[in-house]
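Engineer: In case you want the letters, here they are:
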Amino acid sequence: EDQVTQSPEALRLQEGESSSLNCSYTVSGLRGLFWYRQDPGKGPEFLFTLYSAGEEKEKERLKATLTKKESFLHITAPKPEDSATYLCAVQAIGGSQGNLIFGKGTKLSVKP
Amino acid sequence: SAVISQKPSRDICQRGTSLTIQCQVDSQVTMMFWYRQQPGQSLTLIATANQGSEATYESGFVIDKFPISRPNLTFSTLTVSNMSPEDSSIYLCSVEGDRRGETQYFGPGTRLLVL
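Protein sequence lines correspond, in order, to chains A and B. Counting in our numbering, the first sequence runs from 1 upward without gaps. Counting in our numbering, the second sequence runs from 1 upward without gaps.
Okay, chain A solo, but in the shape it has when bound (with noise of 0.2 angstroms):
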């Protein structure tokens, strides 16, 4: 069955003490894998795709990095408006289209 795990599930950092998101998958092939933030009342916001091991991609803050069996979502430095729900989904080959599985999320709170 495919399944996320993302951890931990809540994360406290003060405002530049860089810290990393953990995203654990299992499917039978990776088409894609997706990070999102989720500000409370709010639809989730795109962040990153990633489609194979190794790559890497960045935004601001923000560095996400992808393995065979899990994804790492890398802040650096982080700033108060940072603090959000942090989803990651992933798109299976072979699994419906457009279906994606999403863990339960990191919700990040950075105090100044």
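Take these hints with a grain of salt, some might be off.
Part of the chain B face toward chain A, derived, beta carbon under 10 angstroms [stated by the list, open to error]: (1) Gln6; (2) Leu19; (3) Ser42; (4) Gln104; (5) Tyr105.
FRET-style restraints, in silico, Cβ to Cβ [stated by the list, open to error]: (6) Cys13(B) / Gln14(A): 38 to 44 angstroms; (7) Thr30(B) / Arg12(A): 37 to 43 angstroms; (8) Ser18(A) / Gly52(B): 47 to 53 angstroms; (9) Gln28(B) / Lys42(A): 21 to 27 angstroms.
Read the hints as simulated data drawn from the structure, not as lab findings. For glycine and all other residues, C-beta sits at the position ideal for the given N, C-alpha and C.
Based on the hints, put chain B in the right spot on chain A.
Structural biologist: Okay, now just chain B, sitting in the frame of chain A:
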């Protein structure tokens, strides 16, 4: 990326009633998707809606409970029928947004509370 709007943004409904949620996109898209986000749970795909064909439902979701319309390439509706408190959730529509077709962009969601 596409700009997606949903109506209503939130609603409180009585059990046994039905609610229709609208999703509007600012550009033509082939595929639209409906997801549910229950409290403390992952987003789960309900169905895929293609214009001109019947929606395709995921395991555990049925057309009688969640009928979907897709009258054109920029609009879709999801109806939550005969609601119970267990239907209290956030309902989200999404569209495919890149050439490869995998990346999805989400609307703001509809927050539904059933009493």
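Engineer: Is the interface hint for Gln104(B) satisfied, with its Cβ closer than 10 angstroms to some Cβ of chain A?
Structural biologist: Since chain A brings a Cβ to about 6 angstroms from Gln104(B), closer than 10 angstroms, the hint holds.
Engineer: Given Ser42(B) as an interface hint, is its Cβ closer than 10 angstroms to any Cβ of chain A?
Structural biologist: The hint holds - Ser42(B) has a Cβ within 10 angstroms of chain A, the shortest such distance being about 4 angstroms.
Engineer: Can you tell me whether the CB distance of Gln28(B) to Lys42(A) sits inside 21 to 27 angstroms?
Structural biologist: Given range 21 to 27 angstroms: holds, Cβ gap about 25 angstroms.
Engineer: Is it true that Cys13(B) and Gln14(A) lie within 38 to 44 angstroms of each other by Cβ?
Structural biologist: Holds, at about 43 angstroms.
Engineer: Is 37 to 43 angstroms right for how far apart the beta carbons of Thr30(B) and Arg12(A) are?
Structural biologist: holds (42 angstroms)
Engineer: Taking 47 to 53 angstroms as the hint, is the beta-carbon distance of Ser18(A) and Gly52(B) inside that range?
Structural biologist: holds (49 angstroms)
Engineer: Does Tyr105(B) meet its interface restraint, that is, does its C-beta lie within less than 10 angstroms of any C-beta in chain A?
Structural biologist: Holds, because the Cβ-Cβ distance from Tyr105(B) to chain A comes to roughly 6 angstroms (cut-off 10 angstroms).
Engineer: For the restraint on Gln6(B), tell me whether the closest CB of chain A is nearer than 10 angstroms.
Structural biologist: holds (8 angstroms)
Engineer: Against chain A, is Leu19(B) within 10 angstroms by beta-carbon distance?
Structural biologist: Since chain A brings no Cβ nearer than about 18 angstroms to Leu19(B), farther than 10 angstroms, the hint is violated.
The earlier numbered hint that this structure contradicts is number 2, and it is the only one.
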